[in-house]
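Peer 1: Which chain is which? The protein sequence lines are A and B, in order. Be aware that the first sequence starts at 1, since it is given in my numbering, and climbs by one per residue. Be aware that the second sequence starts at 1, since it is given in my numbering, and climbs by one per residue.
Think of the hints as simulated: they come from the structure by calculation, not from any bench. There could be a bad hint or two in this list.
For identical chains, the list gives no copy identity; a pair is met inside one copy or between any two copies.
List of simulated lysine-lysine pairs, DSBU-like, C-alpha gap at most 35 angstroms [to be verified]:
| hint | residue 1 | residue 2 |
| --- | --- | --- |
| 1 | Lys172 | Lys146 |
| 2 | Lys143 | Lys279 |
| 3 | Lys329 | Lys165 |
| 4 | Lys172 | Lys143 |
| 5 | Lys329 | Lys178 |
| 6 | Lys143 | Lys176 |
| 7 | Lys178 | Lys279 |
| 8 | Lys329 | Lys135 |
| 9 | Lys114 | Lys89 |
| 10 | Lys29 | Lys279 |
Protein chains: 2
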Amino acid sequence: MVVSSKLAFGGRDAVLVVHGGAGAISRVKLTKPREKEARDALEQALRAGHTIIKKGGGSLDAVIAAVKVLEDAPIYNAGRGSCLTRTGKIEMDAAVMEGTALHAGAAAGINCVKNPVTLARAIMEHTHHVLLVGKGANRFAQKVAKKAGLDIVDPDYFMTKTAEKNLERFLKALSKAKKHGGRRPSGLTADGEEQHEKPLGKKHGTVGAVAVDHHHHVAAATSTGGTVGKDPGRVGDSPLIGSGTYADNETLAASATGYGEHFIRSAVCHEASSLVRYKGMTVAQTADRIFNVTLPRTGGDGGLILIDPQGNYAMRYNTIGMYRGVIFKDGTVLTAIYDS
Amino acid sequence: MVVSSKLAFGGRDAVLVVHGGAGAISRVKLTKPREKEARDALEQALRAGHTIIKKGGGSLDAVIAAVKVLEDAPIYNAGRGSCLTRTGKIEMDAAVMEGTALHAGAAAGINCVKNPVTLARAIMEHTHHVLLVGKGANRFAQKVAKKAGLDIVDPDYFMTKTAEKNLERFLKALSKAKKHGGRRPSGLTADGEEQHEKPLGKKHGTVGAVAVDHHHHVAAATSTGGTVGKDPGRVGDSPLIGSGTYADNETLAASATGYGEHFIRSAVCHEASSLVRYKGMTVAQTADRIFNVTLPRTGGDGGLILIDPQGNYAMRYNTIGMYRGVIFKDGTVLTAIYDS
Numbered sequence: 001m002v003v004s005s006k007l008a009f010g011g012r013d014a015v016l017v018v019h020g021g022a023g024a025i026s027r028v029k030l031t032k033p034r035e036k037e038a039r040d041a042l043e044q045a046l047r048a049g050h051t052i053i054k055k056g057g058g059s060l061d062a063v064i065a066a067v068k069v070l071e072d073a074p075i076y077n078a079g080r081g082s083c084l085t086r087t088g089k090i091e092m093d094a095a096v097m098e099g100t101a102l103h104a105g106a107a108a109g110i111n112c113v114k115n116p117v118t119l120a121r122a123i124m125e126h127t128h129h130v131l132l133v134g135k136g137a138n139r140f141a142q143k144v145a146k147k148a149g150l151d152i153v154d155p156d157y158f159m160t161k162t163a164e165k166n167l168e169r170f171l172k173a174l175s176k177a178k179k180h181g182g183r184r185p186s187g188l189t190a191d192g193e194e195q196h197e198k199p200l201g202k203k204h205g206t207v208g209a210v211a212v213d214h215h216h217h218v219a220a221a222t223s224t225g226g227t228v229g230k231d232p233g234r235v236g237d238s239p240l241i242g243s244g245t246y247a248d249n250e251t252l253a254a255s256a257t258g259y260g261e262h263f264i265r266s267a268v269c270h271e272a273s274s275l276v277r278y279k280g281m282t283v284a285q286t287a288d289r290i291f292n293v294t295l296p297r298t299g300g301d302g303g304l305i306l307i308d309p310q311g312n313y314a315m316r317y318n319t320i321g322m323y324r325g326v327i328f329k330d331g332t333v334l335t336a337i338y339d340s
Numbered sequence: 001m002v003v004s005s006k007l008a009f010g011g012r013d014a015v016l017v018v019h020g021g022a023g024a025i026s027r028v029k030l031t032k033p034r035e036k037e038a039r040d041a042l043e044q045a046l047r048a049g050h051t052i053i054k055k056g057g058g059s060l061d062a063v064i065a066a067v068k069v070l071e072d073a074p075i076y077n078a079g080r081g082s083c084l085t086r087t088g089k090i091e092m093d094a095a096v097m098e099g100t101a102l103h104a105g106a107a108a109g110i111n112c113v114k115n116p117v118t119l120a121r122a123i124m125e126h127t128h129h130v131l132l133v134g135k136g137a138n139r140f141a142q143k144v145a146k147k148a149g150l151d152i153v154d155p156d157y158f159m160t161k162t163a164e165k166n167l168e169r170f171l172k173a174l175s176k177a178k179k180h181g182g183r184r185p186s187g188l189t190a191d192g193e194e195q196h197e198k199p200l201g202k203k204h205g206t207v208g209a210v211a212v213d214h215h216h217h218v219a220a221a222t223s224t225g226g227t228v229g230k231d232p233g234r235v236g237d238s239p240l241i242g243s244g245t246y247a248d249n250e251t252l253a254a255s256a257t258g259y260g261e262h263f264i265r266s267a268v269c270h271e272a273s274s275l276v277r278y279k280g281m282t283v284a285q286t287a288d289r290i291f292n293v294t295l296p297r298t299g300g301d302g303g304l305i306l307i308d309p310q311g312n313y314a315m316r317y318n319t320i321g322m323y324r325g326v327i328f329k330d331g332t333v334l335t336a337i338y339d340s
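Generate coordinates for the entire structure from the input sequences, incorporating the hints supplied.
Peer 2: Take a look at the structure:
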């Protein structure tokens with residue numbers, strides 16, 4: 001059963017929550033077929049993770065399975081369908097974290113692994129490091145591919161017509177803005193895209209998942225292509241532990257999406273963990289506080305999904321919409337994009 | 001006046017605190033001349049920052065001035081004197097953050113800016129991004145050099161005989177370990193160096209500074225060459241906002257040094273901020289808690305310096321020693337390496 005409804009907070013017994021990015025999702029551009037594509041991928045991701053947990057599997061396996069589905073869906077800005085840098089290149093970021101021993105792995109600026117989230121896991125499991133970036137990360141991927149079961153692909157695999165068109169539009173708007181003002185206007189969004197363009201349908205594309213398993217262990221995973229026309233080498237919040245991704249069995253698991261720079265400056269996902277730990281807040285109160293107190297200090301917009309070890313969850317955003325969904329123990333699925 | 005003493009916590013009226021790394025600092029290898037070199041650089045760094053604040057300058061300018069001195073000192077593992085990757089390359093990381101508007105900038109995997117901390121500032125001030133890495137960061141440095149006053153140098157500038165020797169020793173120990181065990185032993189330290197070698201004198205080399213100015217505004221800066229023989233592309237905690245660097249006028253400014261991966265997993269510097277905000281702890285209590293509760297969960301070792309907007313400070317570590325120092329309003333300087 002799939003129920004679509006206004007989803008903010010949920011009661012107990014959630015198993016897995018996913019997001020596919022928050023932003024100025026245009027109701028005009030989100031045609032029925034595209035909406036179906038988006039929702040189908042959310043549901044498929046939720047079911048992939050749920051199946052693992054139902055069989056007694058761990059929350060880390062579940063969030064990775066869910067994020068892989070969203071990475072493979074070209075409609076989302078992660079894996080295939082990733083947006084392009086200013087110079088037309090693929091530079092993807094991903095992170096995973098498990099809440100039992102606080103193990104984490106992350107990669108940034110990669111272009112050769114079909115599922116970036118699997119490289120994040122390989123870095124966690126096959127190195128003493130947490131974060132590898134750029135060339136070093138790509139080389140490590142190729143080296144560890146066989147052992148870690150990574151699917152190595154050509155960078156072309158990730159390219160989509162939509163991503164190319166979005167970059168084209170961004171560059172045109174940028175050159176127009178430069179002609180008028182001499183430089184990029186500053187503002188809330190990366191690269192000034194908000195000022196230049198009408199909503200593109202997925203401004204803040206990032207995908208993520210948080211889950212809790214039978215042992216009440218939580219985990220989080222996040223993956224992204226970044227922002228349209230980003231500067232080469234730019235790393236947002238997604239692969240940064242504490243910023244876009246965090247998990248701790250003592251508190252919660254969190255995955256963020258949005259204008260990453262603000263999420264970094266407020267260490268949003270670790271802040272969420274602190275609010276549970278030190279203020280005794282529920283996940284719902286925590287999500288409230290993040291959007292009412294934490295983010296307004298720097299002006300950031302985006303979304304956040306949270307789950308605690310008891311299966312309480314929250315999905316919150318301060319944008320027009322957020323692709324999101326939750327699956328419960330009994331297999332019930334809810335997906336949503338807008339408030340209503 | 002320079003007073004050397006056991007330094008843990010301090011009273012009011014501190015202006016600037018610096019560290020030059022914490023680790024298994026060998027008393028045998030730290031000869032008198034080397035100790036003098038280390039302490040002189042600490043004092044010079046403290047005075048550079050103090051001069052700025054005394055003249056009414058800001059804490060951000062002060063921490064950058066202090067860190068530049070330590071980057072220029074070849075005895076410290078940052079800027080000139082940075083340790084080398086497994087493949088013998090320079091890959092430096094740095095971050096800055098100011099506590100008023102929570103602006104931050106960071107760079108990772110760079111090799112062309114004499115003072116990496118100045119590139120971190122340029123990223124904060126001349127982009128909409130927080131973190132640039134690798135080639136993209138190096139290219140941005142070259143592009144913005146004139147406007148931002150960056151000193152571009154050849155990677156050879158950073159190389160020192162000591163760094164080359166340390167890498168040689170690391171690779172020898174690694175190959176020996178591989179012969180015996182077939183693979184790198186896992187354990188607490190990056191690249192298994194702790195297991196392979198006797199203390200090298202600066203295991204966890206990182207330099208950092210925290211400061212408060214007349215307006216009670218705090219700032220933090222951290223800079224590092226990383227760990228000896230690190231995998232290419234590895235990024236530690238130093239350039240990660242919330243992990244190795246954080247600043248917030250509502251709480252404190254923090255800079256960490258140590259086995260970075262553990263500091264990332266616990267988001268140590270943001271955790272310190274949370275302890276002040278939500279538990280009402282003093283900086284001394286906060287430092288205690290980080291080393292008694294937070295870090296033991298993952299087993300990390302290293303050091304941490306903190307300063308709050310009232311000029312209370314803490315310098316704490318759980319290693320044999322930490323290069324460190326503090327300067328007070330009246331210009332009194334304290335520097336220390338060991339407990340006594």
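Peer 1: Which earlier hints can't be squared with this structure?
Peer 2: 2, 3, 5, 7, 8 and 10
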